[in-house]
Amino acid sequence: MPLLQIAEPEETAPRRAFRRAVGIDLGTTNSLVATVRNGFAMVLPDDQGRPLVPSIVRYGENGVEVGYEAMARQSTDPQNTIVSVKRLMGRGLADLADAHRFPYRFVDTDGMVKVVTRAGVKSPVEVSAEILRALRLRGEVALGGAIEGAVVTVPAYFDDAQRQATKDAARLAGLPILRLLNEPTAAAVAYGLDNAAEGTYAIYDLGGGTFDISILKLTRGVFEVLATNGDSALGGDDFDHRVFCWILETAKLPPQSPADARMLLVKSREAKEMLTGHDAAPLLVTLSDNTKVDLTLTTDTFSAITQNLVARTLGPVKRALNDAKLKPSDIKGVVLVGGATRMPQIRRAVAQWFGQPPLTNLNPDEVVALGAAIQANKLVGNRERDEDWLLLDVIPLSLGVETMGGLTEKIISRNATIPITRAQEFTTFKDGQTAMAIHVVQGERERVADCRSLARFELRGIPPMVAGAARIRVTFEVDADGLLSVSAREQKTGVEASIEVKPSYGLSDKEIARMLQESFAHATEDAEARSLAESQVEADQLVAATRSALTSDADLLSADERAAIERALSDVERLRAGGDRHALHAAVSALNHATSEFANRRMDRSIAHSLAGKRVDSVLGS
Amino acid sequence: MIDLTRNYFDLFGLPERFRVDPAALDRAYRELQSEVHPDRHASGTEAQKRVALQSSARVNEGYRALKDPVERASYLLELRGIDAAGESDTQLPLEFLERQLERREEASEANAASDSRRLDSIVSEVDNEARDLEDSIAILLDRDHAYPEARGRVRQLRFLKKVSDDLRALQHALDEH
Chain A
1 MPLLQIAEPE ETAPRRAFRR AVGIDLGTTN SLVATVRNGF AMVLPDDQGR PLVPSIVRYG
61 ENGVEVGYEA MARQSTDPQN TIVSVKRLMG RGLADLADAH RFPYRFVDTD GMVKVVTRAG
121 VKSPVEVSAE ILRALRLRGE VALGGAIEGA VVTVPAYFDD AQRQATKDAA RLAGLPILRL
181 LNEPTAAAVA YGLDNAAEGT YAIYDLGGGT FDISILKLTR GVFEVLATNG DSALGGDDFD
241 HRVFCWILET AKLPPQSPAD ARMLLVKSRE AKEMLTGHDA APLLVTLSDN TKVDLTLTTD
301 TFSAITQNLV ARTLGPVKRA LNDAKLKPSD IKGVVLVGGA TRMPQIRRAV AQWFGQPPLT
361 NLNPDEVVAL GAAIQANKLV GNRERDEDWL LLDVIPLSLG VETMGGLTEK IISRNATIPI
421 TRAQEFTTFK DGQTAMAIHV VQGERERVAD CRSLARFELR GIPPMVAGAA RIRVTFEVDA
481 DGLLSVSARE QKTGVEASIE VKPSYGLSDK EIARMLQESF AHATEDAEAR SLAESQVEAD
541 QLVAATRSAL TSDADLLSAD ERAAIERALS DVERLRAGGD RHALHAAVSA LNHATSEFAN
601 RRMDRSIAHS LAGKRVDSVL GS
Chain B
1 MIDLTRNYFD LFGLPERFRV DPAALDRAYR ELQSEVHPDR HASGTEAQKR VALQSSARVN
61 EGYRALKDPV ERASYLLELR GIDAAGESDT QLPLEFLERQ LERREEASEA NAASDSRRLD
121 SIVSEVDNEA RDLEDSIAIL LDRDHAYPEA RGRVRQLRFL KKVSDDLRAL QHALDEH
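Residue numbers (this note's numbering), protein chains in the order written: chain A, 1 to 622; chain B, 1 to 177.
What the hints contain is simulated information worked out from the structure, not anything from laboratory work.
Keep in mind that a hint or two might mislead.
Here are the simulated DMTMM-like cross-link-like pairs (lysine to aspartate or glutamate), alpha carbons at most 25 Å apart as the crow flies [unchecked claim]:
| id | chain 1 | residue 1 | chain 2 | residue 2 |
| --- | --- | --- | --- | --- |
| 1 | B | Lys67 | A | Glu198 |
| 2 | A | Lys430 | A | Glu409 |
| 3 | B | Lys161 | A | Glu198 |
| 4 | B | Lys49 | B | Asp3 |
Given only the sequences and the hints, what does the whole structure look like? Please build it.
What follows is the structure, encoded as C-alpha cells:
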C-alpha cells in the first residue's frame, strides 16, 4: 500500500509531531468520543458510522458488553445490564431518591452504592470505566495509537464526590486524563469558537440524567463562567419515567417485573422521541404475561404530565442569573445542549423565559464532546487553531467545614472562579485540647445534615494551650478540575501538626491498584479488539486506494492482472465484515502483493508526469 | 510564573488607589490568567503544574479582592497596616445600626405581605446609601489619606452589603413564588 500512495506525494508529506488527544462526553444515556483533525473537531463513529455509544454496560455470560450490544439485551437481562450509571456516581444509597426505579440489586458500601451483577459486585466507577474503555479503544483505532491526553466532561453541577468518581473511572479505563471539563462550558467553547460569539450567553443543558445552566461571558477569546446552577438528578430519563407511570396508570397495570418495566421504559423513550416531530405516538406493547397495551400518547398529554419537570429547570435558571447579577434580557443568546432539549415543550419554556428563541444551529448530542476535543487538543499541546482562547470556570457548590452546633462555615462560595485557595482560622474550645476533627462539607444549606459530607480529617499534635489560644489554619484548594484538597496546620506555635486524610467517598489508591490489576485481564481482550479494528481500518484504506487507482490507471493492467486484483479485493471485502483478524490480515497482505506491480507502474507513470515540462535543476534541487 | 509576594495592585499593574478602572482591571486579569492558568501548563511537569495552580489561584484571589469595593478598601487599609476586616473593637454608629434595623423590619413586613415593590424600594435605598459611602471612602482614602476614618466607613459599607445581600435573597425568594 505505501507504494500506491507514492503517486500522491502531497498527501504523504510528513506531518509535524502530533499528539493523540480525545474529548469524551460520558453521558447518562449516550457517550461520545471526539477529536480534532486538520483543525476540525469531529465525533469518531463506530465501524457502522454510529456516533453515539449507548451508556449501557452488560455483564454477560461471556464477558462485558458495552453500547448497542448491551442495549439490545437490556429488557431480557435487566439486572446485569446497567443503564444510567452516571446517576449512581459518587452517590450513597441514601442519596438516591429514585433507587426504586432501578431494577438492580444494590449494596450500600462505604460512601458509594454498588450493584450486584453476575460478574460480582460492581461500583459505578467500574461500570463507567467499561464505557470509557470502549471509547478509549475507539479513539486509539481512529488515531492509530495510544491516547496521549483526554478531557472528560462532567455536569457543571456535579459535586466533589461525583467529579472524583468520574476521574477515578477515567484512570481505571487507562485514560491519561488532562482535565475534567464542565459540560455546558465545553458546549460554549464549541459554539463560541464556531460562531465567533461575543457577549453573555446562557447554556441550557438537559441531558439524560442531569441538568445544568451556565451563564458565560465571551470576551475576545476568554470564556468566563459567571455562574452555574443545576440539578444533578434531573434529565430526559425522568421524562421517560413520567410516560412509563402514565402507561401503568392509564392501562391500569400492576407493578411490573424488571424485564417488563425495562421494556415499557424503552417504549416510553421511543414515544417521547417520536413526539419531537409528531403530534401523537402509538404505544403498542405485549407484556410477558401476554397482556397487550395499546395507547396513544399525544403532545398535549405529554406536556401535561411533564410540566413540573420543565418547571424544575427554571428554578436553577433564575438562581444562576441572580448569582450573575443579570436579567433575562441581558442574555444575548441561549444555547441548547443535550438530547432532551429536542422536546418542543422545553424549547417553548426556554424561549418564553428568556424572551427569545434558543439557538439550535448545532447538534445537541455532539456539541459537548466536540468542545471537550478542542480543549484536549489544546491541553495536549497541539496548536491547530490560530486563535488563542482561555477558559475560566467556577465551582458550582459552596465548600465549608462543620462548626459547633452542626452548622456549616463556608470557606469557598459557589461560583468562585477556579483554581482557588482559601484559608480560614479556627481555634480550640477546650483547655489542653490536642486534636481537632475537621468535617468538610459541600452545599448551600446552613445545617451540615443538609449538605454533602465530603471528608473527615483529624488534626493531631496541637500543643496543649488554653481554649481559644490555638490558631488552626485550614486551607481549601480547588484545582482546575473542580476537585478539592484540604490541609490544616497550627499557626501559633509554629508546630506543624500532621493531618490524616480519610476520604468518605472515592477510591483509595489501593482500590485503584487492585482494579487496575483486574483490568489487566481485559488488556488482552482490548488488544485483540484493537488489532482487529486496526486491520479493518487498514483494509478500508487499501480497498479505497486500490479502487481509485483502478479508476485512473486501469490501462496499465492486462485483463488477467486486473482479474487477480479484483479477486483479492473481494476477499478483503468479504473478510472485513467478519471477526477474524488473522484471516483479514492475510487477505490484506494478498491484496498488497497483487497490487505491488501495479503500484510500480503507477509510480513510473507519476514520475514521468511530474518531470514533464520541468527543468532538470529544479528537480535535482528539490 | 508570577511573583507571589507582589501586592495585588502591583500584580495587576494598577495604581494603589480605591478608585480603579474596572475595564483595566478586567483586562489585566485576563492577561494574567492567559499566562498562568493551569490550562496553559497542562502538558508541563508536575512542578510546573503546581506553580500554575498556585499562581492562577493567586490571580483569582487578587481579582476578587480588587473587584469588590469593600474588599478593595479593606485590602488598601491592610497594606497601610490597618485591619478593617476583623470583627474586633469599634462599634458602628448607633444611628447607622438603627437605620438598618428599621429597614430589615420593614423588609420582612413587605415580604410577609408579598409586596415586592416595597421590597424593591428598600433595596434601592440601601444601594444608594452604599454608593454614598463608597464616594466618601474614595475621598478619605485617595485624597485625604485619612485611613482611620476610612476604616469606620469601610466597616459600615461591609455591614450594608450584608443587608443588601439578605434583602436580595428575600427579593429572589419572592420572585420564585
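How the hints compare with the structure:
1. B:Lys67 to A:Glu198: 22 Å, holds
2. A:Lys430 to A:Glu409: Cα-Cα ~20 Å, so holds.
3. B:Lys161 to A:Glu198: Measuring from Cα to Cα gives roughly 31 Å; hence the hint is violated.
4. B:Lys49 to B:Asp3: 16 Å, holds
Hint violations for this structure: number 3 only, all remaining hints satisfied.
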